[in-house]
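Student: Numbering follows the numbering used here, in which position 19 of the sequence shown is assigned residue number 19; successive positions increment by one, without gaps.
Honestly, I wouldn't trust all of these hints.
SDA-like, lysine to any residue: derived pairs with alpha carbons at most 25 Å apart [unchecked claim]: (1) 80 - 2; (2) 101 - 20; (3) 4 - 92; (4) 33 - 20; (5) 4 - 75; (6) 80 - 101; (7) 85 - 10; (8) 3 - 57; (9) 28 - 2; (10) 80 - 10; (11) 4 - 18; (12) 28 - 7; (13) 85 - 12; (14) 101 - 82; (15) 85 - 54; (16) 4 - 84; (17) 44 - 24; (18) 80 - 46; (19) 4 - 96.
Just so you know, these hints were derived from the structure itself, not from any lab.
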Amino acid sequence: SLKKLHDQRMNQEQDLLDLQFDIEEIRKSRARKEVSLNYDVRKKEQEDLEQRRAARVKVGASLSELEASKVKDRSLDDIKDPYLKESIRLLADQIQAARKKG
1 SLKKLHDQRM NQEQDLLDLQ FDIEEIRKSR ARKEVSLNYD VRKKEQEDLE QRRAARVKVG
61 ASLSELEASK VKDRSLDDIK DPYLKESIRL LADQIQAARK KG
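Model the full assembly from the supplied sequences, consistent with the hints where possible.
Tutor: Okay, structure coming up:
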């Protein structure tokens, strides 16, 4: 089923897992009732967050460059937006399901 295929990708695709992690971190941050007024503590939190993001971007960029060197034509791997990729995959799954019924 479409839901099953989508759920599998949501649990396996690193881009989607990273995005889910970011969303969860933002939710936790918004739910937090206290914020440290200590500048050093706040700065460290921001630096840690920025390091995680930069590391993901760096890994993603190197993987994209590797894939781009293998493929001349534009492919799904060239798309940077994980939700757009998943939307395209869901549409492809839906088309395949319709053809099977067809």
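Student: Please go over all the hints and tell whether each is borne out by the structure.
Tutor: Status of the hints after comparison with the structure:
1. 80 - 2: 22 Å, holds
2. 101 - 20: Violated, at roughly 33 Å.
3. 4 - 92: Answer holds: residue 4 to residue 92 is near 14 Å, not above 25 Å.
4. 33 - 20: 22 Å, holds
5. 4 - 75: 24 Å, holds
6. 80 - 101: 32 Å, violated
7. 85 - 10: 11 Å, holds
8. 3 - 57: 28 Å, violated
9. 28 - 2: Roughly 30 Å separates the two Cα atoms, so the pair is violated.
10. 80 - 10: 16 Å, holds
11. 4 - 18: 20 Å, holds
12. 28 - 7: 23 Å, holds
13. 85 - 12: Within the cut-off at roughly 13 Å; holds.
14. 101 - 82: With Cα atoms ~29 Å apart, residue 101 and residue 82 exceed 25 Å; violated.
15. 85 - 54: 21 Å, holds
16. 4 - 84: The given pair, whose Cα atoms are some 18 Å apart, holds under the 25 Å limit.
17. 44 - 24: Cα-Cα ~19 Å, so holds.
18. 80 - 46: Measuring from Cα to Cα gives roughly 24 Å; hence the hint holds.
19. 4 - 96: 14 Å, holds
Consistency note: the structure conflicts with the earlier hints numbered 2, 6, 8, 9 and 14.
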